[in-house]
Amino acid sequence: MKKIPLKDVIDVIEANLITNNDVDVDKAYITGINTLEEAIKGDVTFLGSKKYSDQVKDSKADFIIINEELFDRVKMLKDKKFLIVKNPYFAFSSLLSEFSTRPVKTGIAKTAFIEDSARIGKNVSLGHNVYVGKNVVVGDNTAIYSGTVIEDHCFIGENCKIYQNVVIRYDSKIGDGVHIQPGTVIGSDGFGYVQNGGMIHKIEQIGNVVIGDNVELGANVTIDRASVGSTSIGNGTKVDNLVHIAHSVKIGKNCFIVAQVGISGSVEIGDNVTIAGQSGIVGHLKIGSNSTIAARSVVMNNIKENSFVSGFPAVSHLEDMKLKAHIRRLPMVFKKLKKIIDFNEKN
Numbered sequence: 001m002k003k004i005p006l007k008d009v010i011d012v013i014e015a016n017l018i019t020n021n022d023v024d025v026d027k028a029y030i031t032g033i034n035t036l037e038e039a040i041k042g043d044v045t046f047l048g049s050k051k052y053s054d055q056v057k058d059s060k061a062d063f064i065i066i067n068e069e070l071f072d073r074v075k076m077l078k079d080k081k082f083l084i085v086k087n088p089y090f091a092f093s094s095l096l097s098e099f100s101t102r103p104v105k106t107g108i109a110k111t112a113f114i115e116d117s118a119r120i121g122k123n124v125s126l127g128h129n130v131y132v133g134k135n136v137v138v139g140d141n142t143a144i145y146s147g148t149v150i151e152d153h154c155f156i157g158e159n160c161k162i163y164q165n166v167v168i169r170y171d172s173k174i175g176d177g178v179h180i181q182p183g184t185v186i187g188s189d190g191f192g193y194v195q196n197g198g199m200i201h202k203i204e205q206i207g208n209v210v211i212g213d214n215v216e217l218g219a220n221v222t223i224d225r226a227s228v229g230s231t232s233i234g235n236g237t238k239v240d241n242l243v244h245i246a247h248s249v250k251i252g253k254n255c256f257i258v259a260q261v262g263i264s265g266s267v268e269i270g271d272n273v274t275i276a277g278q279s280g281i282v283g284h285l286k287i288g289s290n291s292t293i294a295a296r297s298v299v300m301n302n303i304k305e306n307s308f309v310s311g312f313p314a315v316s317h318l319e320d321m322k323l324k325a326h327i328r329r330l331p332m333v334f335k336k337l338k339k340i341i342d343f344n345e346k347n
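Each residue of the sequence shown is one higher than the one before, starting from 1 at the first, in UniProt numbering.
Please keep in mind that the hints were generated in silico from the structure rather than gathered at the bench.
Treat each hint with caution, since some may be false.
Here are the simulated lysine-lysine pairs, DSSO-like style, with alpha carbons at most 30 Å apart [as the list claims (entries may be wrong)]:
1) Lys202 <-> Lys173
2) Lys105 <-> Lys173
3) Lys60 <-> Lys3
4) Lys27 <-> Lys78
5) Lys2 <-> Lys27
6) Lys3 <-> Lys81
7) Lys51 <-> Lys86
8) Lys161 <-> Lys202
9) Lys86 <-> Lys173
10) Lys253 <-> Lys122
My request is simple: use the sequences and hints to build the entire structure.
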């Protein structure tokens, strides 16, 4: 069981301890982290929304991370110990790594194969059966897990975590602090073909993929290389599992792209864009910064900045909701119309 001094927790999350019980901060420890419902004695938990306020009373957690506004709702619970912060969820998430049991990769496995021309930084870890190609650069403190293939002329930045069975194809560029989950493929050929003489001919894909700093890619993501130039993902963008990003796509900074999204070739996406699950974007479109695309939308036209769209085809969310409301009323309209028709036929 891992024990973390309470004073260290208070320092990490910059909290103010409020309690009616005697607590010796220098001697108290936290031994776990969990939800309000599942926490046990010794745990720390958090309240991030007023809709869960009723769970505080029955929570067995020793300490509850909370903000001042939510504390006003539960401060009558005199037996509870609270850690007051500005952003409870962020504070809670900051502690998760302290209690993580995730395996930490160390050293270079005997079965890893590194080409002579590759340059490996300090404190790099390579798992079993990792292949590092010619002229590859791997930055300091990067961990590459078992079965991953990094082809020739790739650049991998510092402090990256590349998990099992990832394939990074030739000439791809990965920034610092990038996390890539198992099974992802970066730099596969784009879906580029041309018809001539009744035949379908492959267009050679000679571009690459460039991924910025602090990007996270989920499991089984596929990112195609550009036919020429680069397919690029900006700093801080987060991509969920099973997302496909086609050739020559440009994605800005700090975007959220949720599971099963498909982005067609040459789409340009601005900064701070959210694309919800199972949405699709037709090729060669531009998506303005600070926009949101609702789940299962199909975008067939350019989207201006600060837009919120939904539907198939995607339109403004307000318009889409009005259309759906009218559709739901159709059975009633048909019923009334039938009565009118029947009445007219009888008379």
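Evaluated hints:
Proposed proximity of Lys202 and Lys173 is supported: the alpha carbons are some 24 Å apart, at most 30 Å. Between Lys105 and Lys173, the direct Cα distance comes to roughly 22 Å. Compliance with the 30 Å bound is thereby established for this hinted pair. Between Lys60 and Lys3 the CA atoms are separated by roughly 17 Å; this keeps the pair inside 30 Å, and the hint holds. Proximity of Lys27 to Lys78 is assessed by CA-CA distance (about 22 Å); at most 30 Å being required, the pair is judged to hold.
In summary, the hint linking Lys2 to Lys27 is supported, as the alpha carbons are separated by about 15 Å, within the 30 Å threshold. A distance of roughly 18 Å separates the Cα atoms of Lys3 and Lys81; the hinted pair therefore holds under the 30 Å criterion. Between Lys51 and Lys86 the CA atoms are separated by roughly 18 Å; this keeps the pair inside 30 Å, and the hint holds. For the hint pairing Lys161 with Lys202, the CA-to-CA distance comes to about 34 Å; that exceeds 30 Å, so the pair is violated.
Under the criterion of a C-alpha separation no larger than 30 Å, the hint pairing Lys86 with Lys173 is inconsistent with the structure, at around 37 Å. Annotation: proposed proximity of Lys253 to Lys122 holds, straight-line Cα distance about 28 Å (limit 30 Å).
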